[in-house]
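Number of protein chains: 2
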Amino acid sequence: MSQLSESTEMYLKAMVELGLNEIVSISRLAERLGVTPVSANEMVRRLGDQGLLTHTPYKGVALTKKGREAACNVVRRQRLWEVFLYEHLHIEWAKLYELACSLEHATAPELTEALATFLGDPKFCPRGNPIPAVDGSFLPLNGKTLSATQVGETLKVLAVNATATDVLKYLQERNVLPGRELTVLEAAPLQGPLTLKVGDKDVALGLSLAEFVIVK
Amino acid sequence: MSQLSESTEMYLKAMVELGLNEIVSISRLAERLGVTPVSANEMVRRLGDQGLLTHTPYKGVALTKKGREAACNVVRRQRLWEVFLYEHLHIEWAKLYELACSLEHATAPELTEALATFLGDPKFCPRGNPIPAVDGSFLPLNGKTLSATQVGETLKVLAVNATATDVLKYLQERNVLPGRELTVLEAAPLQGPLTLKVGDKDVALGLSLAEFVIVK
DNA sequence: TGGAATAATAAGGTTTACCATAACATTTTA
DNA sequence: TAAAATGTTATGGTAAACCTTATTATTCCA
Ligand SMILES: [Mn+2]
Ligand SMILES: [Mn+2]
Ligand SMILES: [Mn+2]
Ligand SMILES: [Mn+2]
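Chain order of the listed sequences is A and B. So the first sequence is numbered by my numbering: it starts at 1 and just counts up by one. So the second sequence is numbered by my numbering: it starts at 1 and just counts up by one.
By construction, these hints were calculated from the structure, which means they are not laboratory data. Do not rely on the hints blindly, as some may be mistaken.
Since the list gives no way to pick out one identical chain from another, each pair is judged satisfied if it fits inside one copy or across any two copies.
What the hints assert, rightly or not - Calculated lysine to aspartate or glutamate pairs in the EDC-like style (CA-CA distance at most 16 Å, straight line): (1) Lys95 to Glu110; (2) Lys123 to Glu113; (3) Lys95 to Glu113.
Build out the structure end to end from the sequences listed, making use of the hints.
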């Protein structure tokens, strides 16, 4: 049964990244995957036929049990590779996601588990996100998104959810990294940018970027 | 320019595995890649159009300079991964080729070189084959194929060229592995099998398998 | 409640990399 | 040197995963 294609795995992973147990609209899925809504619609039908997800027209898409298992497995491979690339190969933080995103599809189960053992069964990736266990279980991050905080709060960065290398590079250069502390100095009105104090530097961060930063 | 497709990379790698600088017939290439000669012909035309190889009708296919560089780079990635899988993840010897054969296509140049450094710039893979340098240069193995030896000779295994997991498993189980010594006890007539002494066991080896074993 | 926005479906097209079958060309070998 | 084997090309098909342009359906909101 069932070697899933790279494309299929990316659709499943996107469903997890957009929120496990969320109902995701096809347009959001399409945007995340960089395809047209029409294409995403076609793919969703195919994945539906394979029993990986369900689509309720005009509502959105949700993973089935089978789909969630497969999806968590992709995420597991991805984040284990991120750990390896960071800790052993010393690859630049902002490039981890992209490089691991290729490897994840070329990684047999046997290899995944050998890698996990080699790495000492890490629980988090260098972006601060939890690594699903073999059985698919997930430590939820209980934090909130930086875009939903009040001026004056001092917070610790738990994780960065972004995936695009240029976004990650922007955050890396400004030290908005897991483990760092920051203070919200100002929130410009009308969905304007946040001004943060990170270390001794002021950082401007658009709300859409702030969405990617999980803090506590 | 030019991210090569997985399929393209496999054709190029096959050209190296069938003998760098050899002229290879399309049928041999087809057989190695598990496609029909007609399909191989089509692909060879495409790779020819990209300037990666040249095809002389009724003679065979040869890599161009550009093709040889790309091909050696694929082989480099493959064999570096084999080293990693063997030495660090302790993957079974017979499975190295197959697992590394997926990873090789998902490995960016930056990652390849970080991996090489991590591994200490190894010169040989666990199957005994040389790892091409970044510039494509190759230490040639100067040995001969086991199928071309005389009864009575005692030889050391330099490398195993096989790629199919079942073939590798067969050889592994009989200790026909790089570094091992063996003696040719008998060569059955009419292209019949060889009988070898490996350690204290007798091993029967068909000539087509013996082709894969490089000895000195 | 009606128009705008969003979502879905239909229809036709592309590219890559395969397949089979058939016809034809060249080389090998008996 | 003719038949057999091997190699090439032509033709037509398939499947996956994309695309665009329309058309139709639903939902949201002013
Ligand atoms: Mn990926
Ligand atoms: Mn491969
Ligand atoms: Mn269609
Ligand atoms: Mn055609």
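Q: Please work out whether the CA atoms of Lys95 and Glu113 approach to 16 Å or closer within one copy, between two copies, in both situations, or in neither?
A: between (23 Å within a copy, 15 Å between copies)
Q) Is it within a copy, between copies, both, or neither that the alpha carbon of Lys95 lies no farther than 16 Å from that of Glu110? A) between (25 Å within a copy, 10 Å between copies)
Q: Pop the pair Lys123 and Glu113 into one bin, within, between, both or neither, using alpha-carbon distances up to 16 Å.
A: Answer is within: at 14 Å inside a copy they meet the 16 Å cutoff, but 27 Å across does not.
Of the numbered hints given earlier, the model fails none.
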